[in-house]
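Single-letter residue listing:
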Amino acid sequence: MRQAAGRPDAMSDLDFTVVLRAWPYLLSGLQFSFALTVTAFAIGMVLGTTFALIQHHEVPVLSQVVRSYIALIRSIPLILVLFWFFFLVPVVLGRFVGGGRSIPIGPTYTAFITFGLFEAAYYSEIIRVGLRSVNKGQFEACQALALSSFDTYRSVIMPQVLKVASPIILSQTIILFQDTSLVYVLSLTDLVGAASKMAQLNGRLVEMYLTVAVIYLAICSAASQCVAVLRKRNELPRVVRQ
Amino acid sequence: MMTLRGEKIMLQPESDASGTQPIVMVERLVRRYGAFTALNSVSLAVGKGEKIVICGPSGSGKSTLIRCINHIERHDSGRIVVDGIELRDQLADINSVRREVGMVFQSFNLFPHLSVSENCMLAPVKVRKLTRAEARDRAMTILRKVRIEDQADKYPGQLSGGQQQRVAIARALCMQPKVMLFDEPTSALDPEMVQEVLDTMVGLARDGMTMLCVTHEMGFAREVADRVVFMDQGTIVEESPPESFFQAAKTERARNFLKQIIR
Numbered sequence: 001m002r003q004a005a006g007r008p009d010a011m012s013d014l015d016f017t018v019v020l021r022a023w024p025y026l027l028s029g030l031q032f033s034f035a036l037t038v039t040a041f042a043i044g045m046v047l048g049t050t051f052a053l054i055q056h057h058e059v060p061v062l063s064q065v066v067r068s069y070i071a072l073i074r075s076i077p078l079i080l081v082l083f084w085f086f087f088l089v090p091v092v093l094g095r096f097v098g099g100g101r102s103i104p105i106g107p108t109y110t111a112f113i114t115f116g117l118f119e120a121a122y123y124s125e126i127i128r129v130g131l132r133s134v135n136k137g138q139f140e141a142c143q144a145l146a147l148s149s150f151d152t153y154r155s156v157i158m159p160q161v162l163k164v165a166s167p168i169i170l171s172q173t174i175i176l177f178q179d180t181s182l183v184y185v186l187s188l189t190d191l192v193g194a195a196s197k198m199a200q201l202n203g204r205l206v207e208m209y210l211t212v213a214v215i216y217l218a219i220c221s222a223a224s225q226c227v228a229v230l231r232k233r234n235e236l237p238r239v240v241r242q
Numbered sequence: 001m002m003t004l005r006g007e008k009i010m011l012q013p014e015s016d017a018s019g020t021q022p023i024v025m026v027e028r029l030v031r032r033y034g035a036f037t038a039l040n041s042v043s044l045a046v047g048k049g050e051k052i053v054i055c056g057p058s059g060s061g062k063s064t065l066i067r068c069i070n071h072i073e074r075h076d077s078g079r080i081v082v083d084g085i086e087l088r089d090q091l092a093d094i095n096s097v098r099r100e101v102g103m104v105f106q107s108f109n110l111f112p113h114l115s116v117s118e119n120c121m122l123a124p125v126k127v128r129k130l131t132r133a134e135a136r137d138r139a140m141t142i143l144r145k146v147r148i149e150d151q152a153d154k155y156p157g158q159l160s161g162g163q164q165q166r167v168a169i170a171r172a173l174c175m176q177p178k179v180m181l182f183d184e185p186t187s188a189l190d191p192e193m194v195q196e197v198l199d200t201m202v203g204l205a206r207d208g209m210t211m212l213c214v215t216h217e218m219g220f221a222r223e224v225a226d227r228v229v230f231m232d233q234g235t236i237v238e239e240s241p242p243e244s245f246f247q248a249a250k251t252e253r254a255r256n257f258l259k260q261i262i263r
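Protein chains in written order, with this note's numbering: chain P, 1 to 242; chain R, 1 to 263.
Treat the hints as calculated values from the structure; they're not laboratory data. Any given hint could turn out to be false.
[Claimed, not checked] With beta-carbon atoms standing in for the labels, derived distance ranges:
1. T50(P) / E149(R): 35 to 45 Å
2. D89(R) / T50(P): 17 to 27 Å
3. V30(R) / S149(P): 26 to 36 Å
4. P60(P) / S187(R): 33 to 43 Å
Each residue gets a CB set at the ideal place from its N, CA and C atoms; glycine is no exception.
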């Protein structure tokens, strides 16, 4: 009875001024979320493109290695990869180079490296499919013009792949941005981490988590709009097709 | 009479080639796909400025033959020498041959993300190391020649099939090749667009370009070809000047083929 009576009380008691006071701290958390997203995106795209090219060219041995890596990464939860990196890699590193003493990587580097490696598997799959969508004739035209492999990919193939794949790449990056909140397991302070720390200090859990939710909603729905625009842009130039 | 005429004209390319080496020489070329032999010991010499039309039923190996000449298709045995360079597996040789040999495809294969002028400028800038301004000048000159300079800033997707194919010809010409290969350049076109592409090719022939054309356009063959090469089942069955080929083909297979395409 007392609890039921207390609840509406707590709700009417919402005080969003605590959010204002916590704002600078939340902002620094958001900054970290962005930094992690951008770094993981960069590492993921560079590695992912490399992986996709290795598979596309069916490079012996390497393409099998890449394929197993992608299968492995895609079948385990991200949080487990984070744990591995944080707890296991220092020990393994220590075994080989540190004379048995474990070499700590530190939570920040762990987060950057892990997210980069993890996303590489997903970006690679997206780019691989994109590469397959490019007509064989495009490669032949480049050969006939004596373009080098580098120029072929840089000037002809990749621009087409990125154009086709950009909506999916951006969608994946939105997921990445949301996933960065998992770094709380490493006690890093991203947006969610910042909110939860403030909430524990001032006891205003509802206000803090509501605010964070709104921030995520705003950013991700804006990005989703971009996805829609990219999708539309891709449809346009294929009107006349012989 | 028939043989006389045949011999007389057969001499022509040889006398052409007597002073200079043939620009394209194919010797006992073999290409297999698994158990299927696409090219079975094909030999062909093409002199500078010669126009060759290659025809034959589908699957006869005519496309494979010209695709071997710029090594888009690998050959299993035999020799190919283009402009004095023998095509082996060395990338440097392959690329120096490709720089001198332009190719036009059945499906155009223009770069859809680049404008018409950029399509023409890409290889001259990247391969011939021209500045963008030089490449642009050259592109515009050649686009004017194929009468499509007013479309220079459009994208391939905005052009008709015939226009796209003319751009593809211009793109190849911008590399200033010594030999042009045409792989069924009009087969993917709507009938009303065939002529504009053929006219462009005739113009090119008049300018003295060495051309190897896989095509079933017999009017074109009659007009510009020095020799018609008829292929069937991976071999060259007959090689004659167009007049004698069309009026009195020497082989049964060629006569049957002609009956099917000329109605």
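These are the hints, each one checked on the structure:
no., hint, in the structure
1, T50(P) / E149(R): 35 to 45 Å, "holds (41 Å)"
2, D89(R) / T50(P): 17 to 27 Å, "holds (26 Å)"
3, V30(R) / S149(P): 26 to 36 Å, "holds (27 Å)"
4, P60(P) / S187(R): 33 to 43 Å, "holds (37 Å)"
When the structure is compared with the earlier hints, no violation turns up for any of them.
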